[in-house]
Amino acid sequence: MNVATSAESRAPGGVHEPHEGALFVEGVSVSFDGFKALNDLTLYVDHGELRCLIGPNGAGKTTLMDVITGKTRPDEGQVFFGDRIDLLHLTEAQIAEVGIGRKFQKPTVFERLSVRDNLTLALKQDRRVWAMLRARLSGAERDRMDEAAAQIGLLDALERPAGELSHGQKQWLEIGMLLLQEPRLMLIDEPVAGMTRGEIERTAQLLQDLAGERSVVVVEHDMEFVRSIARRVTVLHQGHVLAEGSMAQVQADPRVIEVYLGE
Amino acid sequence: MSLPSWRREPGGVALLVVLGLLVLLVPLLNLAVPADSAWHVSTYTVTVLGKYLCYALAAVALDLVWGYCGILSLGHGAFFALGGYAMGMYLMRQIGERGVYGNPLLPDFMVFLNWQELPWYWHGFDHFPFALLMVVLVPGVLAFAFGYLAFRSRVSGVYLSIITQALTFALMLAFFRNDMGFGGNNGLTDFKDLLGFDLQAPGTRAGLFVLSALALAGGYLVSRAVVRSRAGQVLIAVRDAEDRARFLGYRVEYYKLAVFVLSAVLTGIAGALYVPQVGIINPSEFAPLNSIEMVVWVALGGRGTLYGAAAGAGVVNYLKTLLTGALPEVWLFFLGALFMLVTVALPLGLAGLLARRRRVA
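Chains as they are written, first to last, in the numbering used here: chain A, 13 to 275; chain B, 3 to 363.
By construction, these hints were calculated from the structure, which means they are not laboratory data.
Wrong hints could be hidden among the right ones.
Examples of chain A residues lying across from chain B (beta carbon under 10 angstroms, computed) [unchecked claim]:
#, residue
1, Leu125
2, Lys136
3, Trp142
In silico lysine to any residue, SDA-like type, Cα no more than 25 angstroms apart, as pairs [said to hold, decoys possible]:
#, chain 1, residue 1, chain 2, residue 2
4, A, Lys83, B, Phe153
5, A, Lys83, B, Leu259
6, B, Lys194, B, Leu134
7, A, Lys83, A, Ala205
Derived DEER-like restraints, expressed as beta-carbon distance ranges [unchecked claim]:
#, chain 1, residue 1, chain 2, residue 2, range
8, B, Leu26, A, Asp158, 41 to 49 angstroms
9, B, Ile165, A, His101, 26 to 34 angstroms
10, A, Asp87, B, Val160, 27 to 35 angstroms
11, A, Asp87, B, Leu139, 43 to 51 angstroms
12, B, Gly327, A, Glu176, 41 to 49 angstroms
13, B, Gly159, A, Gln250, 32 to 40 angstroms
14, B, Leu197, A, Lys83, 54 to 62 angstroms
15, A, Arg172, B, Lys322, 39 to 47 angstroms
Built from N, CA and C at the ideal position, the CB exists for glycine as well.
Chain A with its partners taken away, still in its complex shape (with noise of 0.2 angstroms):
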């Protein structure tokens, strides 16, 4: 299957410079009857890097995410991973495979499988149906479900069903198994909402330990997690991009002052 896509041979007129780093979104515009949900909107993410994204609600973050993932098709604009898979021609599945994981504003584990299962499901393997059928838990795969649940501190539940979990835990489980789908980035929202203090400066080690090898892009309101991990921040404002820089100079921008951080 030829999922990848040659940008140059994608690019209006032909020429293109091949892009450099993980995650390339140019000029995306979204609207939902008349209403611009993202407008013109421009970002890149290197390979490697933690960046946050902040902005009031309605500011896009969300539809951003799902541009990403294929869940919404921009009207106008491009999105490129890496410098050779046009995200705008794959499904979500297949963008999935191409290695973006996704971990949801609300948490979405599969509620009547036990945390064992949810994190066998998200296991990088052949997905399809027939190997799926004949797939038996290896040795390797339990060591690195294993890990994982130590990790996110679930390895005394994992015969639990997903739906008896606290929703902080169901938090940790969800980025538990997009720890194990290995994906070369990772697009989460609001990872520490319902978490308590504890929970969230666990969370914000592991995604510092995360970047690095991986890209992450953090969606978060809780501005004092953001400040914790932020190397970089990006403020969306009406479907556009704010201001973007460290969190201090993001900070000291007049404008964001106005439309958000100063409310």
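Dock chain B against the given chain A, drawing on the hints supplied.
Structure of chain B alone, referenced to chain A:
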């Protein structure tokens, strides 16, 4: 994890044990015990039980798509009827010259319609292996074509249910037409024998009964293997959070398609075993109500358990036999009331009731 698998699913074990006992005892009590003995099981009873087993297999197949993958098909009766017609066509060809008109080439209804030659799609049905292939292939191909279009376009939920219902209704109207060449209104009947065995003989009836029980056991075991596999967990994942499964990289439409086709094939086999036992197949088997009744069997038995669906089919049809004998006009009201009762009071069905009692005990 440490419990052996049979201890985790007593209902499934009970189903297999009951089927084993039926296979051993019913033919014995029918054929070997004299008719005047209190232990004798009449051939009529054997046939009725055999019919229940076919319904139970269809129910297990429906539970596979509805209970595990969330696809509420209101058209599974179509697959049942198509399997039945494929078998009925073979049985018609077996009649040969013994029809009322004694025509060696054409079934009676074609002679009656003044047809001169056998339509092309009847060729091959003289051969039993070909007929068996069609029993599997016709429902399977229809399910594949229908499912491919529906699942790829992401039709789901109530919309999917409605178009499955439309599918079986359209097939019913088509099969009612005489010029379709399937016997129209009257369907196919007056069967004589199957592979040379007289269909009226108690021995043949007992044999069909045993085959039905084995088919149910086989269908159950295949379905259980599917739902226990990692692919079965994907099905549950799709049922509970389809988008999430997609973002994990699963091609949801292929999983739905695979399980839908498997279910249609099992249902077709059930229909094929049903027809020689009841002796007739006609377009009313496509009636939307039949498909809805199947859903009631699964709901009452407990969806998402497989064995519960089989039990539900047995219980509802036993009640139907009793009630339609005593008060035929009440049956539909009773069925509707039963469905509401189950939905409100027993959402997990009989299987859920048993599980709850076990937990309390």
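Status of the hints after comparison with the structure:
no.	hint	in the structure
1	Leu125	holds (6 angstroms)
2	Lys136	holds (9 angstroms)
3	Trp142	holds (8 angstroms)
4	A:Lys83 - B:Phe153	holds (17 angstroms)
5	A:Lys83 - B:Leu259	holds (21 angstroms)
6	B:Lys194 - B:Leu134	holds (18 angstroms)
7	A:Lys83 - A:Ala205	holds (23 angstroms)
8	B:Leu26 - A:Asp158: 41 to 49 angstroms	holds (47 angstroms)
9	B:Ile165 - A:His101: 26 to 34 angstroms	holds (29 angstroms)
10	A:Asp87 - B:Val160: 27 to 35 angstroms	holds (30 angstroms)
11	A:Asp87 - B:Leu139: 43 to 51 angstroms	holds (45 angstroms)
12	B:Gly327 - A:Glu176: 41 to 49 angstroms	holds (47 angstroms)
13	B:Gly159 - A:Gln250: 32 to 40 angstroms	holds (34 angstroms)
14	B:Leu197 - A:Lys83: 54 to 62 angstroms	holds (55 angstroms)
15	A:Arg172 - B:Lys322: 39 to 47 angstroms	holds (41 angstroms)
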